[in-house]
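Taking the hints into account, I'd like the entire structure generated from these sequences.
Protein sequence lines correspond, in order, to chains A and B. Start counting the first sequence at 1; every next residue gets the next number (our numbering). Start counting the second sequence at 1; every next residue gets the next number (our numbering).
In short, the hints are calculated from the structure, not lab data. Hints may contain errors.
[As the list claims (entries may be wrong)] No more than 16 Å apart at the CA atoms, straight line, and that leaves these computed lysine to aspartate or glutamate pairs for EDC-like:
1) LYS71/B with ASP31/B
2) LYS57/A with GLU94/B
3) LYS57/A with GLU75/A
4) LYS37/B with GLU53/A
5) LYS37/B with ASP84/B
6) LYS9/A with ASP31/B
[To be verified] Some, not all, of what chain B presents toward chain A, calculated at C-beta under 8 Å:
7) PRO44
8) ASN101
9) LEU103
10) GLY108
Small disclaimer: the values here were computed from a predicted structure and weren't measured. Ideal Cβ placement from N, Cα and C applies to all residues, glycine included.
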Amino acid sequence: DSGVTQTPKHLITATGQRVTLRCSPRSGDLSVYWYQQSLDQGLQFLIQYYNGEERAKGNILERFSAQQFPDLHSELNLSSLELGDSALYFCASSTRQGSNSPLHFGNGTRLTVT
Amino acid sequence: DQQVKQNSPSLSVQEGRISILNCDYTNSMFDYFLWYKKYPAEGPTFLISISSIKDKNEDGRFTVFLNKSAKHLSLHIVPSQPGDSAVYFCAAGEGSRAAGNKLTFGGGTRVLVKP
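See below:
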């Protein structure tokens with residue numbers, strides 16, 4: 001158990017809809033990261049937050065947004081969903097930013113867009 | 001543009017033998033490297049890491065080797081056990097504050113250890 005909690009585990013929705021994925025980091029971790037894993041591909045970095053502020057951005061679509069709240073949990077919002085957005089979405093957390101601390105991953109949310 | 005590549009999508013090895021997983025990178029700004037292991041329906045789990053100032057790091061049955069001039073790293077698992085059957089991801093990061101702590105992942109290598 002990594003200590004990172006993601007909800008829901010599975011999500012099935014239709015094209016054009018909007019969903020929110022939630023992540024609670026490990027206790028004491030200030031950094032939260034979101035990654036997307038499409039079928040049989042590696043993990044693609046989406047965005048990082050550190051203590052409530054956006055810290056780094058990857059190839060995140062404009063239809064996607066995220067935030068980190070004062071209690072350090074984070075939400076990833078996906079809107080105007082397309083079939084190609086079907087993927088596993090992982091959240092990870094780490095203690096520090098800009099350092100070599102490993103990321104600890106949750107078990108992911110599997111999003112299916114039909 | 002894949003900055004981190006794992007060219008072998010799968011690997012099959014006999015129990016007790018050595019598993020060697022390879023990873024190549026192109027970004028010379030990467031200065032630390034990690035291996036993650038992933039079982040189905042679970043998130044990736046950190047396995048071992050290495051800083052660019054080293055060329056080898058060992059942790060039990062797992063050893064990571066780094067060849068900076070070749071921009072290549074490898075993970076050795078000795079001896080391989082059936083429980084090692086999983087997908088292994090190579091990841092790289094820039095340890096600068098500006099880069100945050102994001103990691104760039106390879107596509108993964110599926111390892112099957114046969115009893």
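Consistency of the hints with the structure:
1. LYS71/B with ASP31/B: It holds: about 11 Å lies between the C-alpha atoms, which stays within 16 Å.
2. LYS57/A with GLU94/B: Between LYS57/A and GLU94/B the Cα gap is close to 14 Å, so the pair holds against 16 Å.
3. LYS57/A with GLU75/A: Since the Cα atoms of LYS57/A and GLU75/A sit roughly 15 Å apart, the hinted pair holds (cutoff 16 Å).
4. LYS37/B with GLU53/A: violated, 29 Å
5. LYS37/B with ASP84/B: holds, 9 Å
6. LYS9/A with ASP31/B: violated, 34 Å
7. PRO44: Hint holds; PRO44/B Cβ to chain A Cβ min 5 Å, cut 8 Å.
8. ASN101: Where the cut-off is 8 Å and the nearest Cβ of chain A is about 5 Å from ASN101/B, the hint holds.
9. LEU103: Holds, because the Cβ-Cβ distance from LEU103/B to chain A comes to roughly 6 Å (cut-off 8 Å).
10. GLY108: holds, 6 Å
Of the numbered hints given earlier, the model fails hints 4, 6; all others are met.
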